[in-house]
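In order, the protein sequences belong to chains P and G. 1 is the number of the first residue of the first sequence in the working numbering; add one for each residue after it. 1 is the number of the first residue of the second sequence in the working numbering; add one for each residue after it.
These are calculated hints, taken from the structure and not from any lab test. There may be inaccurate statements among the hints.
Here are some chain P residues pointing at chain G (derived, C-beta under 10 angstroms) [to be verified]:
#1 Ile80
#2 Pro87
#3 Ile88
#4 Glu89
#5 Ile90
#6 Asn97
#7 Ala102
#8 Glu105
#9 His109
#10 Ser135
#11 Asn139
#12 Asn143
#13 Leu162
#14 Asn189
The following residues of chain P were derived to be distant from chain G, with all beta-carbon distances above 10 angstroms [said to hold, decoys possible]:
#15 Pro26
#16 Asn186
#17 Tyr210
#18 Asp214
#19 Lys239
Where is the CB? At the ideal position from N, CA and C, for every residue including glycine.
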Amino acid sequence: MLIINNLKAAIAGKNILKGISLEVKPGEIHAIMGPNGSGKSTLAAVLAGRELVEVTEGTVTYFGENLLKMAAEDRAKEGIFLGFQYPIEIPGVSMVNFMKTAVNEHREHKGLDPLSASDFLKMMREKKELVEIDSKLANRSVNEGFSGGEKKKNEIFQMAMLEPKLAILDETDSGLDIDALRIVANGVNKLKRPDNSFIVITHYQRLLDYIVPDVVHVLYDGRIVKTAGKELALELEEKGYDWIKNEVENNILT
Amino acid sequence: MEKDQDKILSDVTSGEYKYGFYSDIDMERIPKGLSEDVVRIISGKKNEPQWLLEFRLKAYRHWLTMKMPSWPNLKIQPINYQEIIFYAAPVQRKNLDSIDDIDPELRKTFDKLGIPLTEQKHLAGVAVDAVIDSVSVKTTFKETLAEMGIIFCSFSDAVKEYPDLVKRYMGSVVPYTDNFFATLNSAVFSDGSFCYIPKGVRCPMELSTYFRINSANTGQFERTLLIADEESYVSYLEGCTAPSRDENQLHAAIVEIVAEKNAEVKYSTVQNWYPGNKEGKGGVFNFVTKRGLCKGENSKISWTQVETGSAITWKYPSCILRGDNSIGEFYSVAVTNNYQQADTGTKMIHIGKNTKSTILSKGISAGHGQNSYRGLVKVLKNASNARNFSRCDSLLLGDKCGAHTFPYLEVDNQTAIVEHEATTSKIGEDQIFYCNQRGISTEDAIGLIVNGYAREVINKLPMEFAVEAQKLLQISLEGSVG
Numbered sequence: 001m002l003i004i005n006n007l008k009a010a011i012a013g014k015n016i017l018k019g020i021s022l023e024v025k026p027g028e029i030h031a032i033m034g035p036n037g038s039g040k041s042t043l044a045a046v047l048a049g050r051e052l053v054e055v056t057e058g059t060v061t062y063f064g065e066n067l068l069k070m071a072a073e074d075r076a077k078e079g080i081f082l083g084f085q086y087p088i089e090i091p092g093v094s095m096v097n098f099m100k101t102a103v104n105e106h107r108e109h110k111g112l113d114p115l116s117a118s119d120f121l122k123m124m125r126e127k128k129e130l131v132e133i134d135s136k137l138a139n140r141s142v143n144e145g146f147s148g149g150e151k152k153k154n155e156i157f158q159m160a161m162l163e164p165k166l167a168i169l170d171e172t173d174s175g176l177d178i179d180a181l182r183i184v185a186n187g188v189n190k191l192k193r194p195d196n197s198f199i200v201i202t203h204y205q206r207l208l209d210y211i212v213p214d215v216v217h218v219l220y221d222g223r224i225v226k227t228a229g230k231e232l233a234l235e236l237e238e239k240g241y242d243w244i245k246n247e248v249e250n251n252i253l254t
Numbered sequence: 001m002e003k004d005q006d007k008i009l010s011d012v013t014s015g016e017y018k019y020g021f022y023s024d025i026d027m028e029r030i031p032k033g034l035s036e037d038v039v040r041i042i043s044g045k046k047n048e049p050q051w052l053l054e055f056r057l058k059a060y061r062h063w064l065t066m067k068m069p070s071w072p073n074l075k076i077q078p079i080n081y082q083e084i085i086f087y088a089a090p091v092q093r094k095n096l097d098s099i100d101d102i103d104p105e106l107r108k109t110f111d112k113l114g115i116p117l118t119e120q121k122h123l124a125g126v127a128v129d130a131v132i133d134s135v136s137v138k139t140t141f142k143e144t145l146a147e148m149g150i151i152f153c154s155f156s157d158a159v160k161e162y163p164d165l166v167k168r169y170m171g172s173v174v175p176y177t178d179n180f181f182a183t184l185n186s187a188v189f190s191d192g193s194f195c196y197i198p199k200g201v202r203c204p205m206e207l208s209t210y211f212r213i214n215s216a217n218t219g220q221f222e223r224t225l226l227i228a229d230e231e232s233y234v235s236y237l238e239g240c241t242a243p244s245r246d247e248n249q250l251h252a253a254i255v256e257i258v259a260e261k262n263a264e265v266k267y268s269t270v271q272n273w274y275p276g277n278k279e280g281k282g283g284v285f286n287f288v289t290k291r292g293l294c295k296g297e298n299s300k301i302s303w304t305q306v307e308t309g310s311a312i313t314w315k316y317p318s319c320i321l322r323g324d325n326s327i328g329e330f331y332s333v334a335v336t337n338n339y340q341q342a343d344t345g346t347k348m349i350h351i352g353k354n355t356k357s358t359i360l361s362k363g364i365s366a367g368h369g370q371n372s373y374r375g376l377v378k379v380l381k382n383a384s385n386a387r388n389f390s391r392c393d394s395l396l397l398g399d400k401c402g403a404h405t406f407p408y409l410e411v412d413n414q415t416a417i418v419e420h421e422a423t424t425s426k427i428g429e430d431q432i433f434y435c436n437q438r439g440i441s442t443e444d445a446i447g448l449i450v451n452g453y454a455r456e457v458i459n460k461l462p463m464e465f466a467v468e469a470q471k472l473l474q475i476s477l478e479g480s481v482g
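So here's chain G without its partners, still in its complex pose (with noise of 0.2 angstroms):
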């Protein structure tokens, strides 16, 4: 019985990857390796002011200082940054003035990603920003969105047109020192998202950012920063995708969303990088670090993730709740099948009085993956009445993978209420058999299960990217690939 179980589940959760695809795109890339140099010829590139290059340069020496962290769950083999190319961007025949403008190869990988750039044809209500490597190629609607005072550009336009913005915010959430993926990201950041929500405005439309890494040996390091000043709303995306490669790649970004006074923000993030072959050869290394900075009182920063793709995942996107009242949220649905593995969870740091913060973990291991939760509730002397409600569920699906829970508690306030739940469970052969005498499919069985499992999540994604996640949860766990 055990056997049959095991060899169904294996079956069904050996899906191919879908977005594999490399596209011939004509690009500039720099010699591969890391130096001083290279940041000064990334800043050069980019035509960056001194102040830009020297924060780099900081970041650089620091980094040189620092040590990959070994305390993850995680089997990864030693990195060689001299062996990445830091710098690739697909080459502008001249500045984009229209769609026209576009390399066609390049407008036809994003379609075929369901990525359109063109804006009568996209989703109605998503503006979009599109990076491919090192750069962002084109952002949807900005032109919409200044009307009502809204920025949203590429981080390096943000940094020729609202420089006293991005020097006034980046690195106030994650300093340059924080992390070493965050420090190396510091150094070598090429491009990605910013956005300014300024005082009072509801954002009318999903903002979102598409990521692609497309040209080989390249890192992507992208770094999004996103401000919702006093009393403002705005609900962002993330997706990424990657080609198949034997090799690893890396991928080191940064996120820092601040939220003043009484502002709302919803961050959700579909990542699908390429996972890796079966046997775990290649896949994207995701070493990303998010945080939200609650600033103002009565703010709330929501993080929502679907994390299916990456060879490797080490990501804990984080809420710092400074302000009094404000409100931080993490809801995860954490996909590991064949050698994929995923140390991720959150941070919520509780420093203002009244704060709140929930945390809804869904792991969810298959074939060899290796599935950890990793969080941190942190209450500190000042915070009273700090209250967080934190739950951990892990699904297997066979017997050859893994899920793990550490849950770290740190509470100096003795008003604090803290609560933490977890589970495990497995997809059992009774439920896929019950389904099938209901006449659904072994492999439609365990996307229903799983898409059960995972509703709670999804539920909290935004309605075409709930579809699509869910879409992509069954792929991920299957053969059946459109």
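Chain P with its partners taken away, still in its complex shape (with noise of 0.2 angstroms):
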């Protein structure tokens, strides 16, 4: 599904990424941990096509096209879907408009009319159950007064609502408190099906109680210094990321 080579990438002249390989096939769920600062939402933003991010080297190829190439909207299509860190505010566009606009953009991209107003709306009461969220929330400004984990919810809701095939969730779990990290882990683990993959990006360990991923990278410094199974997360946990930063010098000495 995504093969990523060699990938390097800077900010402002930059480099943060230094070098990323990576290959996720349909199904697998990927948990990207690292220290802040390692590179962890560049990456994200480079998957979903951020502008100011920019790439130097290396390739991404998503089901065999060049990913980099690209336009954001074209990859949210196609079905990559960025769940935000902080997601953004846009005063006075309610979520149902901006809900209903970007589906209605999925759907013309995979040739099928637009829903009529009360099967779209009949879809987003289905897709608000399943992540417990608020019906209010709808009739709401997108993100706007909404507080850190109804923002969170609010895009797994909009996952749910976009069925990507590939979804990025980029540190879904940080500021939520135990309830609201359940709902959305559960949320996520109501929309694994076979056919896609996601990346979880996150500082913690502890949401990989609740989303169990295949396989765990380890990012520091732009590179992947460690992958293995699901146990690296405990592994890295109980040890901090020191251990890691100790290794990685120390292989540098040797």
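Got two chains here, each in a separate frame; can you build the complex from them with the hints?
In structure tokens form, the structure reads like this:
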């Protein structure tokens, strides 16, 4: 599904990603962990097509296509979803209007007619239940005045509406209390199918108690320095990121 | 990042004007230039009574003593009034008895603009007065309205048929000495709409006037007079467009509203005069004096405007709250793109007791546009318990445009409560990216964000026009013109 090969990227001339290689197959959940500043969010931004990140080297192939050549909205319509670490507020634009526009763009891309208003509202109702989202939320402006937890739930709700093939969740767990964390994780688990994949970016292990990854990568200083099964997350939690730092530095020395 | 964002914004904010066509209609024009003779010719063309000619002449003589105001935050080339044609009218073959008597070219023009002049085809529930250059060519639903005692006709017809009403109210809200452009209009106004709603009548349909400048080098000077008698209600709309031309065209209009006791008037404008090209060449100079008088107690006047056109907009729809408990409202969205400039706002003059006013202004600047809000809230000595709430928001798209706010407060009564809020924001690259990531193109994203920003004002418009206004906002700021 997704093949990243030796990806290097910079923001404002500063090298952030220093050669990342990674393959995600259909049905897999990958967790990317790492200390602050290691490049986790930058990787998410590159995959979603954010222009402020400049790719300097490497390739990203998505279903055989060169992903880096695609515009952000086309990537979205081809099934890439980014759950934002800091969801953006759009005052005056209701969630209904926003999601209707997005869903119909996706449908048009697939050659389908736009949903009727009643079908659309029905779909919204179903998906809202899935993520236990307050029904009033739909009539409010996009993320405006939402609490931190509501914003994150709203990201999962949008994911449920758009049914992506590859969802990248960028620190969706940060700032969540334990109940919200459970709801978000349940949402993800319910949306899991054999043909879609997740990249879950997280700083802490606790989200992975609920969303069980197939593979865990540790990102440090722009490189993936360790890849293993789900037990790696527990090891990290126990030993802390200093363990990785030391290991990496020792490797460089040796 | 800044660079990318500005590029995105500059790409999508350079849309084309879609009403820029010119219609080849058989026209009668008088020679260009302004003089006492020209004023007499205009009055003569319209077979006006002596009192009206005298009104015009007084105004003209007063105008000669005046200077164009320099206080607006606008850069304007000097206007040569001797280069402007002050009267141009489509030639009519005979008196208009039916729609078939209208020049087919003219009908085509209005069809193209989406303003059918035939009643059966028209939007249900909207009566239209169509004004092209200097004259009104057709008023629809006149008879239906007349059954309820509602008068809706061209200003010229009103002068002939209802001279007492015109005489009593014309100039009562905007006197001929009021300001440079109002005085000019008082001297040379050609046509416009007249509307009278009798006591106790709720007007069953939206009344609307559609203004079109067609001829080159021609100024448009229309006058609208709207009288809502006691206990009446009317919702009134106006729309305007003009062909794309390299030279600037002058539009100086007056709108006067009188609301008697317990009467309510809603006046909505969707202004889309030609804004000039991307380099700032051409475009309409829009200098308009709009004022409503809440004459009786419990009367209410509400202005809603969506200003997307004109190279220059100078306009302050105002309310004089004379009646006790009267209410004035002003809701505005003003867009300046490319090299457009707008200096617009309102005046709320509280004279009566317990008077209330609300001001909500939303400025949107893109390209090199300059957008100023200028508003006065004045509470006179005897206006006890006056209440005002004002909010002025500015939205910037890109880094070459400007937003300015000039609120003036003059409060002479200690019981008054006056509040003012202001915000300035920028459409962020992050907002656009958020939409992109959900599959929404940048153009649609900007449309969505801008319409969200303007929603509170758009919601005040009558339904069909709200939809139109939303589209217009998007088109004014985008490259995608159908």
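The hints, checked one at a time:
1. Among the interface hints, the one on Ile80 of chain P holds; its C-beta lies about 8 angstroms from the nearest C-beta in chain G, closer than the 10 angstroms criterion.
2. The beta carbon of Pro87 of chain P comes within 7 angstroms of a beta carbon in chain G, closer than 10 angstroms, and the hint placing it at the interface holds.
3. Hint on Ile88 of chain P holds. Least Cβ distance to chain G is approximately 4 angstroms, under the 10 angstroms limit.
4. Against a cut-off of 10 angstroms between C-beta atoms, the interface hint on Glu89 of chain P holds, since the closest Cβ of chain G lies about 8 angstroms away.
5. About 6 angstroms separates the beta-carbon of Ile90 of chain P from the nearest beta-carbon of chain G, less than 10 angstroms, and the hint is met.
6. Among the interface hints, the one on Asn97 of chain P holds; its C-beta lies about 7 angstroms from the nearest C-beta in chain G, closer than the 10 angstroms criterion.
7. For Ala102 of chain P, the interface hint holds, since its Cβ comes within 10 angstroms of a Cβ in chain G; the closest pair sits about 4 angstroms apart.
8. For Glu105 of chain P, the shortest C-beta to C-beta distance to chain G is roughly 4 angstroms, which falls under 10 angstroms, so the interface hint holds.
9. This hint holds: His109 of chain P has a C-beta 7 angstroms from the nearest C-beta of chain G, less than the 10 angstroms allowed.
10. With a cut of 10 angstroms, the hint placing Ser135 of chain P at the interface with chain G is violated, because the nearest CB-to-CB distance is about 21 angstroms.
11. Annotation: Asn139 of chain P was flagged as interfacial toward chain G, and the flag is violated, the nearest CB pair being 13 angstroms apart, outside 10 angstroms.
12. The interface hint given for Asn143 of chain P is met, as the beta carbon of that residue sits about 9 angstroms from the closest beta carbon of chain G, less than 10 angstroms.
13. Proximity of Leu162 of chain P to chain G holds as hinted, the smallest CB-CB distance being about 7 angstroms (cut-off 10 angstroms).
14. Checking Asn189 of chain P against chain G by beta carbon gives a least distance of about 22 angstroms; that is not within 10 angstroms, so the hint is violated.
15. With a closest Cβ-Cβ approach of about 21 angstroms to chain G, Pro26 of chain P is found to remain outside the 10 angstroms limit, as its non-interface label requires.
16. No beta-carbon of chain G is positioned within 10 angstroms of the beta-carbon of Asn186 of chain P; the least distance is around 22 angstroms.
17. A cut-off of 10 angstroms between C-beta atoms confirms that Tyr210 of chain P is not in contact with chain G; the least separation is 24 angstroms.
18. Its beta-carbon lying about 25 angstroms from the closest one in chain G, Asp214 of chain P satisfies the requirement of being farther than 10 angstroms from that chain.
19. Annotated as non-interface, Lys239 of chain P keeps its C-beta farther than 10 angstroms from every C-beta of chain G; the closest such distance is 35 angstroms.
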